[in-house]
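Engineer: As a plain string of letters, each chain reads:
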Amino acid sequence: MVTLILPRLVDVSAASRRSASVVERNVAALKSVYWLLLLSGFVEPLLYLFSIGVGVGTLVGDLPLPDGRLVSYAAFVAPAMLASSAMTGALAETTFNFFGKMKYMKLYDGVIATPVRPFEIALGELGWAMLRGSAYSAAFLGVMIALDLTTVPRALTALPAAVLVGFAFGALGMALSTFMRSWQDFDLMGSAQFTLFLFSGTFVPAQAYPTLLHWLVEVTPLYRSVHLIRGVALGVDGWSWLLDVLYLLAMMALGLLVASRRMGRLLYR
Amino acid sequence: MKRFGDFTAVDGIDVEVRSGEAFGFLGPNGAGKSSTMRMVGCISPPSGGELRILDLDPVRDGPVIRARLGVCPQLDNLDPELTVRENLTVYARYFGISRRAARERAAELLDFVQLTERADSKVEPLSGGMKRRLTIARALVNEPEIVLLDEPTTGLDPQARHLVWERLFRLKQQGVTLVLTTHYMDEAEQLCDRLVVMDGGRIVAEGSPRALIERHSTREVVELRFAAESQEPFAGKLDGLGERVEVLPDRILLYVADGDAAVAEVATLGLNPANVLVRRSGLEDVFLHLTGRTLVD
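Line order of the protein sequences matches chains A and W.
All letters in the first sequence, in the order written, are residues 1 to 269 by this note's numbering.
All letters in the second sequence, in the order written, are residues 1 to 297 by this note's numbering.
Next comes chain W alone, as it looks inside the complex (with noise of 0.2 Å):
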């Protein structure tokens, strides 16, 4: 749990990481995903609650916990005056490392996230995705354990965020233990083998992400555009089909177990949707069920 005077940005929340799993947190902006992220980074302590991070107390044995950590913030917060080499090495040695062993890690993570031809550029003249890149190497600089990784591609092209679930994933591959935070579908499903999905500090659903998808949506998701100006009319009109019917502004989402057979219906009723879409079901759909569609900001 965790408060910051009357707000309460974590109320209660009971998750257990098993080791060497990818586990994610997702939800909307302001969900309490960075603030767990931070208890869990033994730098914000809980309010409340019982926390333990590789069998220890964060408050108790937090040097201990931070060196078996390795940690990508939602801001890079990258030093301005070093070089991305320097920044590799420098960091190392907050965790005690030899100058040399920091000098053989630096070489081999800047070739990992493939930043070895710009080593000795300083940081700020670096993309966004470059940076990224940085912070996650230097997360690595300690051979953690768990890597705590908030919003890893947030902000970064496609190109970018391909590299880094790449990464990531031969992480995973071995043994290495992700925690991470999202509000992209694509990446938690890419990359979590159990995610939560947190809403207003609490946790509204837990699972692996197909069977997230299996609980709190259909196997097919059917949209209809129609050319009018308001799709409410037609709405009615398609009570009963499936399991869900969703009217959104600009199409109908129907929640089906068979989209084919379902826009079969759709004709036999003798609408004429001007455009017909037929999808699997994705995280998307269970996240927008679980936490609304409004804007939160």
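Isolated chain A (complex conformation) (with noise of 0.2 Å):
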């Protein structure tokens, strides 16, 4: 049992050995104009926050949440640009500069050389692009504790969430990267990225559409993201959030499946 068991198991410390290898490969990379870009990623949902959330809030007054109770509009909209920031800061990553290091870089042509194999490079970056994801969630998180639009139990609790919709977006662009041909295929996927940021219940609920639109906006990722983690930051009860977690959780592993599958073939030719 234990020399079937132990191979194993030194198999995956090695592989995660060797994913963390990719991630040290990024942080050695990090230069002072990505700093930039890494407060950019957090400034945008800030903005959205401030022009709709408080501004339009203004006008829109109180929303009644499907429990019945009423919230402000601003603390309406926070937990959807935390979902909708979790995902974008993810899909930076894993789109634009993972084509970039694959296909333009032949970063991974030399990566393979090694013992390092596709999963691991795909699990690797997927863990940085995380590590910058919940870097902006965290400072997100802080703002609206600071302007009380949620506790900081209940912060605590949508931190691992929107890290979770990082992982679940961060793994389904990497995936969707290794199909794209060329940059003009992210026009795309930026158009795509935008309806979901309009219509998963970011702004309006959901039920506010027709019935028919109403099912399809439910299915998309964005939403469930958004259900997932308005319900922690507002402190809505029952188990739908389980839903969510699950439908995320599937959605990760099959971005990483078709991700690693997929730089396998491109990559051992």
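Think of the hints as simulated: they come from the structure by calculation, not from any bench.
Do not rely on the hints blindly, as some may be mistaken.
[Stated by the list, open to error] Which chain A residues stay away from chain W? Per the calculated CB distances, all over 12 Å, these:
| hint | residue |
| --- | --- |
| 1 | N26 |
| 2 | L39 |
| 3 | P153 |
| 4 | F186 |
| 5 | Y247 |
[Stated by the list, open to error] No farther apart than 30 Å at their CA atoms in a straight line, the calculated lysine-lysine pairs in the DSS-like style are these:
| hint | chain 1 | residue 1 | chain 2 | residue 2 |
| --- | --- | --- | --- | --- |
| 6 | W | K122 | A | K106 |
| 7 | A | K106 | W | K131 |
| 8 | A | K103 | A | K31 |
| 9 | A | K106 | A | K31 |
| 10 | A | K31 | W | K172 |
| 11 | W | K172 | W | K131 |
| 12 | W | K131 | A | K103 |
| 13 | W | K122 | A | K103 |
| 14 | A | K31 | W | K131 |
[As the list claims (entries may be wrong)] Examples of chain A residues lying across from chain W (beta carbon under 8 Å, computed):
| hint | residue |
| --- | --- |
| 15 | S21 |
| 16 | E24 |
| 17 | R25 |
| 18 | E44 |
| 19 | V111 |
| 20 | I112 |
| 21 | A113 |
| 22 | R117 |
Yeah, the Cβ is synthetic: ideal placement off N, Cα and C, and Gly gets one too.
Work from the hints to combine the two standalone chains into their complex.
Structural biologist: Structure representation (structure tokens):
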């Protein structure tokens, strides 16, 4: 039994060590210009929160939650901004940057000549993306606490939820990137991302849409993310978050699987 | 064997490289050298046939084998976002080498390829020769048992080529197995104990450089250049001289055992070439004889 399990355990530890080496590479490559980029990812959701959540919110007034409670419009929008910034942060790293590294820098052509395998590269890049995404989320939650849009214990629960959202979108983005032919294809992805951003129950409750559209919105990934984080941040009772978590976990697993398969096919020519 | 769709890049080659030797794959562009190297480097699964590296199966034991190989690919794929030194230390980490050991190893290797002064420079401003040396240094970071070099000196100036050869020769002396591809004959003659000539995905000849020259060429070659529009009319008169007569647009080559004797004979035939050169036969003669003079792209 031990001889059967031990090699696999060793394999897992070696694999995660190799994924970590991919993260390390990114840390080494982190240069000053990059910090500006990092900053922009944090500022963007804040701008939306202040302009729409707080600004337009004064016109909208309070909104009823499904359980009947009334919340301010800013409190309604803020969790959605958190979810979408977790999405954007993860996607930026696993689409543009990942594609550039793979296709133009030919970075992974060098990496696969070492013991590191495509799955480990994918996991490492995703882990790195999430270091960035988590920092955004934590900072944004800090702002939410400061504005009294959530409480500290709820924010502490919302952080892992936001990280999960990032992992799921990061994996999906990486999988999609392996199908991209050129930078032009990313325009399409950008449009899709913006559509999700507008219609995922971010600014308007999904119940406001006609039934068919409502159902369509409910199966999109950003809706599930917004639903999860809003539930946590506003302290909604019930088990409906479980569905969101399962959805996002499945999305992450599928994304990683497809990404590493495709990378294997592209790199091991 | 390696196929890409309908195209067969490597069509059944049979070679065995012994530990500690320097083995070369020679061939024109498109002969299947790089495809072979990628398969040996365990980054390209063979479409058929049997391949064993270090007595292991490249498909099943890829990571284990790659941990013991050093690879210098045809096109440098250094990390442009890292410095020269970081290219080595980060690469070492992919092999699971400790940070401390990676730093020490990087310093040694930078010294070995004479790049210590450029250690903190980015990769991009380096000259072609420097990048090549850095790629070779990177291939050595895990102290590999076998080093695969795909056209290690293509595109380098003579100084850089000689420096690379000298470093590779030192590696060989340290007992590292070298497997290289090249289309430079002098490179093959300098470095390889044994080589195969590939053409169209197949092996057309095999042996040591010396043995190949003996088998496929004569000891000496006489190059005659006649001051005329065409060399062709002179060729007929030279028939029967030496083992083989080859007519090129600008000169005639005589493949003979004794060059000076052949030159004397040419004179007795009453021919008066404008230019005569007697030289030893080289691998280039073998190569061109075996793979033809027509341009392949």
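Engineer: If a hint holds in the structure, say so; if it does not, say that too.
Structural biologist: Okay, the hints, checked on the actual structure:
1. Taking the minimum C-beta to C-beta distance to chain W, about 9 Å, the non-interface status of A/N26 is violated against the 12 Å cut.
2. Against the 12 Å criterion, A/L39 stays outside the reach of chain W, whose nearest CB is about 19 Å from its own CB.
3. Distance check on A/P153: its Cβ is at least 39 Å (rounded) from any Cβ of chain W, clearing the 12 Å threshold; non-interface status holds.
4. A/F186, annotated as away from the interface, keeps every beta carbon of chain W farther than 12 Å; the closest lies near 20 Å.
5. Chain W leaves A/Y247 outside its interface by the beta-carbon criterion, the shortest separation being 33 Å against a cut-off of 12 Å.
6. For the given pair, W/K122 sits about 16 Å from A/K106 by alpha-carbon distance, which is consistent with the 30 Å threshold.
7. With a C-alpha separation of about 15 Å, the suggested pair A/K106 and W/K131 falls inside the 30 Å cut-off, and the hint holds.
8. Distance hint between A/K103 and A/K31 is fulfilled; the C-alpha atoms sit about 21 Å from each other, no more than 30 Å.
9. At most 30 Å may separate the alpha-carbon atoms for a hinted pair to count; A/K106 and A/K31 meet this at roughly 20 Å.
10. Straight-line distance between C-alpha atoms of A/K31 and W/K172 comes to about 39 Å, which puts the hinted pair past the 30 Å bound.
11. Proposed proximity of W/K172 and W/K131 is supported: the alpha carbons are some 21 Å apart, at most 30 Å.
12. The straight-line distance between the Cα atoms of W/K131 and A/K103 is roughly 20 Å, inside the 30 Å bound, and the hint therefore holds.
13. For a cut-off of 30 Å, the pair hint linking W/K122 to A/K103 stands: about 20 Å separates their Cα positions.
14. For the proposed pair A/K31 and W/K131, the alpha carbon gap of about 22 Å is at most 30 Å, so the pair holds.
15. A hinted interface residue such as A/S21 counts as satisfied when its beta carbon comes closer than 8 Å to some beta carbon of chain W; here the least separation is about 4 Å, so the hint holds.
16. The closest approach between the C-beta of A/E24 and any C-beta of chain W is roughly 6 Å, which is under the 8 Å cut-off, so the hint is satisfied.
17. The criterion of a C-beta within 8 Å of any C-beta in chain W is met by A/R25, whose closest approach is roughly 5 Å, and the hint holds.
18. With its C-beta approaching chain W no nearer than about 24 Å, A/E44 sits outside the 8 Å limit, and its interface hint is violated.
19. With a least beta-carbon distance of about 6 Å to chain W, the hint placing A/V111 at the interface is held under the 8 Å criterion.
20. Given the 8 Å rule on beta carbons, the hint for A/I112 holds: about 5 Å separates it from the nearest Cβ of chain W.
21. For A/A113, the interface hint holds, the least distance from its beta-carbon to any beta-carbon of chain W being 4 Å, beneath 8 Å.
22. With a least beta-carbon distance of about 6 Å to chain W, the hint placing A/R117 at the interface is held under the 8 Å criterion.
Hint violations for this structure: numbers 1, 10, 18, all remaining hints satisfied.
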